[in-house]
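**Student:** Letter by letter, the chains look like this.
Protein chains: 2
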Amino acid sequence: MTKLENISMIKEANIYFDGKVNSRTIFLQDGSKQTLGVMQPGEYTFDTNEAEIMEMMSGELEIRLPGESEFKKLNTPESFNVPANSSFDLKIKTVTDYCCSYITD
Amino acid sequence: MTKLENISMIKEANIYFDGKVNSRTIFLQDGSKQTLGVMQPGEYTFDTNEAEIMEMMSGELEIRLPGESEFKKLNTPESFNVPANSSFDLKIKTVTDYCCSYITD
Numbered sequence: 001m002t003k004l005e006n007i008s009m010i011k012e013a014n015i016y017f018d019g020k021v022n023s024r025t026i027f028l029q030d031g032s033k034q035t036l037g038v039m040q041p042g043e044y045t046f047d048t049n050e051a052e053i054m055e056m057m058s059g060e061l062e063i064r065l066p067g068e069s070e071f072k073k074l075n076t077p078e079s080f081n082v083p084a085n086s087s088f089d090l091k092i093k094t095v096t097d098y099c100c101s102y103i104t105d
Numbered sequence: 001m002t003k004l005e006n007i008s009m010i011k012e013a014n015i016y017f018d019g020k021v022n023s024r025t026i027f028l029q030d031g032s033k034q035t036l037g038v039m040q041p042g043e044y045t046f047d048t049n050e051a052e053i054m055e056m057m058s059g060e061l062e063i064r065l066p067g068e069s070e071f072k073k074l075n076t077p078e079s080f081n082v083p084a085n086s087s088f089d090l091k092i093k094t095v096t097d098y099c100c101s102y103i104t105d
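Chain order of the listed sequences is X and W.
Residues in the first sequence are numbered consecutively from 1, following the UniProt record's numbering.
Residues in the second sequence are numbered consecutively from 1, following the UniProt record's numbering.
These are calculated hints, taken from the structure and not from any lab test.
Errors might be hidden in some of the hints.
Just so you know, same-sequence chains aren't split out, so a pair can sit in one copy or run between any two.
As the list claims (entries may be wrong) - In silico SDA-like links for lysine to any residue, alpha-carbon gap of 25 Å or less:
no., residue 1, residue 2
1, 11, 76
2, 33, 79
3, 73, 12
4, 72, 45
5, 3, 53
6, 11, 52
7, 93, 43
8, 20, 56
9, 20, 31
10, 20, 100
11, 11, 78
12, 20, 78
13, 11, 29
14, 72, 50
With the rest of the complex left out, here is chain X (with noise of 0.2 Å):
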């Protein structure tokens, strides 16, 4: 368990896909934005403006990152990293817990 300290959060929820993805934003000391969400099992494609570094704390997926042509299988603990102004498409095998830290210029 992490405790994340003296930061602030977006009290309402983003939610997509009828609530199947959900999340809340939250801000770190430095001022760094962080997204907190749980994906439902299911098949999603997320469209990225800044780089994404996405952590997973807990689930199973299948990944397919912008110019793959194949899923890739991934288990908790794995983060990937997804390019800024693009497209990734998941498979949400079973619930899956995950951080998103975005990369600004």
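Starting from the known structure of chain X, arrange chain W on it as the hints suggest.
**Tutor:** Relative to the frame of chain X, chain W by itself:
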């Protein structure tokens, strides 16, 4: 949109009912605990330890509080109180975003 400042948060999610209900635990500056979560449509029974104040930030539900025989409809914005050491039943009609505060003596 409400921003909660200078809080701490448990990074890992609380996952219930196969992820259909999930939340994260935060601690406000005065040390008081809240959980902020999202409930998917479905029927759920929750047990309480401490007394709770549930604030609905989005969604529609029906609730049956301890000792009541009928369900009662609630639409956002709405709050309800639940006694300590009890249980209550919810029928979530549309994805519900909530903030739960705990009342400790």
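**Student:** Now look at each hint and say whether the structure bears it out.
**Tutor:** Now for the hints, and whether the structure bears them out:
1. 11 x 76: between (27 Å within a copy, 15 Å between copies)
2. 33 x 79: Within. Shortest intra-copy distance 17 Å satisfies the 25 Å Cα cut-off; inter-copy 29 Å does not.
3. 73 x 12: Intra 32 Å, inter 22 Å, cutoff 25 Å: inter-copy only.
4. 72 x 45: within (15 Å within a copy, 37 Å between copies)
5. 3 x 53: both (19 Å within a copy, 24 Å between copies)
6. 11 x 52: Close inside one copy (22 Å) and across copies (18 Å); limit 25 Å.
7. 93 x 43: Both: 9 Å inside a copy, 23 Å across copies.
8. 20 x 56: For residue 20 and residue 56, both the intra-copy (16 Å) and inter-copy (18 Å) Cα distances are at most 25 Å.
9. 20 x 31: Neither: 28 Å inside a chain and 31 Å across chains, both beyond 25 Å.
10. 20 x 100: both (17 Å within a copy, 20 Å between copies)
11. 11 x 78: between (27 Å within a copy, 16 Å between copies)
12. 20 x 78: This pair counts as both: shortest intra-copy Cα distance 21 Å, inter-copy 23 Å.
13. 11 x 29: both (17 Å within a copy, 15 Å between copies)
14. 72 x 50: within (22 Å within a copy, 44 Å between copies)
Hint 9 from the list above is the single one not met by this structure.
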